[in-house]
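> Quick mapping for you: the protein sequence lines, in order, are chains A, B and C. To convert, note that position 200 of the first sequence is 200 in the numbering used here; the numbers rise steadily by one, no gaps. To convert, note that position 239 of the second sequence is 1239 in the numbering used here; the numbers rise steadily by one, no gaps. To convert, note that position 80 of the third sequence is 2080 in the numbering used here; the numbers rise steadily by one, no gaps.
Derived by calculation from the structure, the hints in this document are not laboratory data. Do not rely on the hints blindly, as some may be mistaken.
[Said to hold, decoys possible] Taking lysine-lysine and the BS3-like style, the derived pairs with C-alpha atoms no more than 30 Å apart in a straight line are:
(1) B/K1308 - B/K1264
(2) A/K50 - A/K66
(3) B/K1402 - B/K1339
(4) B/K1339 - B/K1080
(5) B/K1242 - C/K2039
(6) B/K1431 - C/K2232
(7) A/K66 - B/K1065
(8) B/K1209 - C/K2147
(9) C/K2232 - A/K50
(10) B/K1264 - B/K1209
(11) A/K66 - C/K2147
(12) B/K1054 - B/K1352
(13) A/K50 - B/K1202
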Amino acid sequence: MGGAASAKQRSNFIIHLILIAGAVIMVLPFIWMILTSFKTTTEATQIPIKIFPAEPSFRAYADAIKQSSFLHYYANTLMAAFMKTVFPVIFSAMAAFAFARIRFPGSGLCFFLIISVMMVPNPVFYTPQYLMMSNLGLVNTVTALWIASLVSPFATFLLRQFFLGISKELEEAAVLDGCNPFQIFRHIMLPLVSSALVAVVIIQLLWSWNELQWPLIINSSPEKLTLSAGLATLVSMFGTDYPVLMAGAFMAVVPMLVLFFIFQRRFIEGVAFSASKG
Amino acid sequence: MIMRKKSATTAVGALLAASLALTGCGGNSNDGNNANGGASSPEASKAAGGDSQKSVTISYTIWDKNQQPAMEAIADAFTKQNPNIKVKVDVIPWGDYWTKMSAAAPAGTLPDVFWMHGGQFIKYASGQFLEPITDKVQAGEIDLNNYAANLGSIYTLDGQNYGIPKDFDTIGLAYNKELFDQAGIPYPDDTWDYAKLAEVAKQLSQPDKGIYGFGAKLDTQAGYWNDILANGGHIISDDMTKSGYDEPATIEALQARYQMILDKASPTHQQMTDTDAVEMFKSGKLAMIFDGSWDNGNLASSEIIQGKYDWAPLPKGKVKRGNIINGLGNVMSAKGKHKEESWQFLKFLGSKEAADITAQMGAAIPAFNGTQDAWVKSKPELNLKVFIDQAADATPYPSGSKSYPVWFAKESEIMSQAWGGAISVEEGAKKVAEMMNQAIADAK
Amino acid sequence: MNSKSRYAWAYMMIAPTLIGTLVFWFYPAVYSIYLGFLKSENFGLVNHWVGWANYERLFKDAEFWQNLRNTMLYVVLFVPSTIVLSTFFAVLLNAKIKGRSVYRVIYFLPQVTMAAAAAMVWVIIFAQDYGLLNSVLGTHVAWISDKRFAMYALVAVGVWGAIGFNMLLILAGLQGIPRPLYEAAELDGAVGFRKFRSITLPLLTPTLFFTSIVLVIGATQIFDSIYLIIGKTNVALPSVRSLVYAYYQNSFIYYDQNYGAAIVNVLLLINLILTGFQFLMQKKWVVYD
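Build the full structure now, drawing on both the sequences and the hints.
See the structure below:
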C-alpha cells in the first residue's frame, strides 16, 4: 500500500518536473520580450549578454508610440476582429442550421461549394481579393480588412456538425406549434449550441487578431494597419533598435493576454469543443 | 448559462463601442503622433482664416522619417499661406514604400503628392499614374533651371514634365574621430585611396572588443556602387542596355570590399544584419562608414558619437573618385481628388522657401540653386561641404529604365549570398549581371 | 408550414454565407487559376493570355524546386514534432496531478501571441553574438543565418507556437476514451506504456488524424516566420524560403502577379494531393468505433 502511494508520488513529481521545464520554454520568450523592452539599445545587443537592464526605462515604449500609429493599430485590429467574429458566427449558425435540419433542393451542392474553399490555401485568394478591393476602391481602408471574412466556411462546417447531433423531438414539437424555421433556430437551437458558438467566436477572434499577410498586403498607410502588420512595419522603421520592437510587440500582445487570462476557461473549453466535433 | 452570455455580450458591446470611437475619429484628422502636423479640425481653420472656401486636406507621403519634421515644417508654412489647404504628412518606410505605391497606383489611390525616386519614375509616368505638369512649366509657374545640375530632366518622359526636383544627395565617408585619435592615425582626407582605406581599417580594428575599422556593408548607393565607379567599373552601361556587374573592374572592386570582411577590418554580413552598420557607427563601434548626405541628421542624433565624428570625401579609386548623385522629386497623382490644391502644394515644395526650410533643418541638400549653403551651415561643426564638392564629378544614380524596379529588387538577394559567404563574390556578380540582362530584355 | 415556405426560409438562412463565399472566396480562387495563364503589365491594368508560359518558366526555375523542397521539409519536420510533443504533454496533463489548469494556461500562451510579436523576440533569442540561446548553450551558432540551422530554428518556433492548441485538442480526445477500457486492460495485466500503445493510441487516432490534416495544410502555407525572422537579405533565405514566401516576393515585390499566381496554384494542387493522400491512408491507421 505504502509502496504504491510513493511510486505514484514519484511519478507525479517527474511529471511536474517535465511540465515545468516545458512551461519555462513556453514562457521564456515573453519574459525576454518584457526584459528587453526596458533596456537601452546598446544593452539589448551587448556581448556578453545582459539579462537585466541597468536602469529600466520606458523610453522604448515612448518611441514606439510616438513614431508609429499604435492607437490606430489597436483600433483597426479591434474593429476587424469584431466584424470577423460577430458576423461570421451569426451567418454561419444560420446557414449551418439550415443545412443540418432542413431538407431543401440544392442543399448538397450549396454546402459543397461553401466548404470546398476550406481546402484552398489562403495565399491563393490574396491577389484576386486584392484586385477586387482595388476595383471597389477599398484598397488601404479598414473595411478591406474584414469585408471578405464576414462569412466563414469553417464555422459553417463546424456548427453544422453540432446541429446534426441534436435530437429531433424538440424541433418536432416546435413545428407542431407552428414555428417557422427561423424561430426554431433562434429560440430553440441557438441556446443549445451556445458552447459551440463560444468556441467559434474564440477561434475566429484568435485567428483575426494574429493575421498578418492580408493586412500587410491590402493596407499601406500607418493608420490603416493592424497590430500584426504594424509591428512588421516597426521593423522596417527601427531596424535593430530592439527595445522599441519589443515594446511594440508587448503592447500588441497585451490585450489578447488580458482577455485570455480573464476568459481562460472559455478559451480552453472552446478549443476542446471544436476538437470533439472536428 | 444565460447570465454568462449576457456578460460576454456586454464585453463585446463595450469593445465595439471603443473601437468605433477610435476608428470613427480616423479619416482626415490627425492622431496624436503628428505633433506639428499643422492640421487641426476644419472648424478651427475656418475660425482662423474666416474663409468661405471649403477646407481641403491633401496627403503628402514620404519615406524618410528623419526628414519628417522638415516636411511638416514646410507643410505648416504652406498652410499659413493657404489656410484652406491642409497637408497630412505620412511616412511609409523605404522597405515598404514601393510595394505600397505599386498597389495604390492601379487602384487609383496614390497619395495626392509624394516623393518620387529616379529609379521608379519611368514605371509610374509611363503608366499614366502621375499628373503631367508640362503646361504649368511652360506657363512659367515653375522654372526647371532653378535646380542644380540636370535634376530637372530626371522627371521628364517623352517631353512631358511630371516632377519637381526636391533635393540631391551624394555619399561621404563618416569617420569616428575618437577612434582615430586613440590609434594616433590622421583623419581621412582627399588624398586617400581605397588601398589606404583598407589599410587603415585593418589598423583600427579590434575584433575582440567588437570594434571594426570600416562597415563594408551590403549596400548599393551608399556602398559598393561607389567602389565600382572609382575602379572604372559600371553598374549598368550608359545606354542602360547591359549590366556592368560582370566587368572585371566591377568584380575587382566588389572583391576588395569583401576582402575587408575577410581581413576582419569589417564586421561580417551577418553581424551587420543583426545590428545595422549605421547603428554600429552611431554606437561608436565602427571607425568609418560610407553614408549618404540624407543620413546626416540620423548620425547627428546619436548621443554616443556626438561631437566625435566628421565627414570626409570618398577615397579615390584607380580611375576616379567615384560617387553616386541622386535627386528625389515631388510628384502628383493623376487620380487625386484635389488636383488644384495639390498643384499649389507641389509648386510650394519646389520654391526657394521650401528649399530653405529643408536646408536649415538639415534634412537634405535642396535642389534649388543657391540654397545649399544653408544646409552646409546647418551643422557648422561638421565638414558637410564634402557632399557639395563631390556633386560635380558624381555619376547619376543608374535609374531611368523600365527594368530598374525588377533588377534592383533582386540584386540585394543575390549579393547577400555572396556577402554571406555562400557563393564567391565573382559568382554573385555574374549572377546579378545575368539577372539584370534578363530583366532588361523582359522589359522591352 | 408547407415545404415551399420551409425552403424559402432555408434559402434565406444560407444566403449570406453562400453569397459571401461565392463572391469573396470561390470566385477569387477561380480567378487565381485564370491569373496564372496571363501576363499583366502596368500594375495589372493590361493583360495578355500566355497559356502555360508561366508554369513552364516555373518548372524550369531552380529556385521553385528549392522552395518546394523547403516547404516539404518544413512539413515533414514540423507536423510529426508537433503531434508527438503535443500528445506527450497531453498525456502528462491527463494524469491526476495538481495544477493542471495552470499548466494548460501557460502552454496555451504562445497561441495567444501574434506571430509578428513572437517572431521579434525569437530573432534576438537566436542572434549569434548576443542571443539568449547561445548564452545558455555556450555556443556561437548563427541559428537563423546559417543555412544548416535556419530551417530547424523555424521549425522550433513553429512547434513552440503550435503545441498549446494541439495539446488541448489531443487532451480532449484523450478524455473521450472511456475509463472502463483502461480498467479492463489493467485487469489483464497491462501497465504503463503497453496501455498507451494498445488502448490510448488506437482510440486517439481519429483526433490525431484531424490534427495532422489541419497541421499539414497550415504548414504548407508557412510565411509569417520566414518573413519576420529570416528576411530578404539573410544568407540562409534560399534554404528556408517557402512557396508562399516566393508568391509574396513575386506578386508584391517584383510586381509579377501572374508568376505569383502560378506558384500558389501549384500550392493548391499540392494541398489537394496531400489531403487526398491522407484521407486515403486513413483506412490504414485510423480506428473508428
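> So which hints don't hold here, by number, going up?
11
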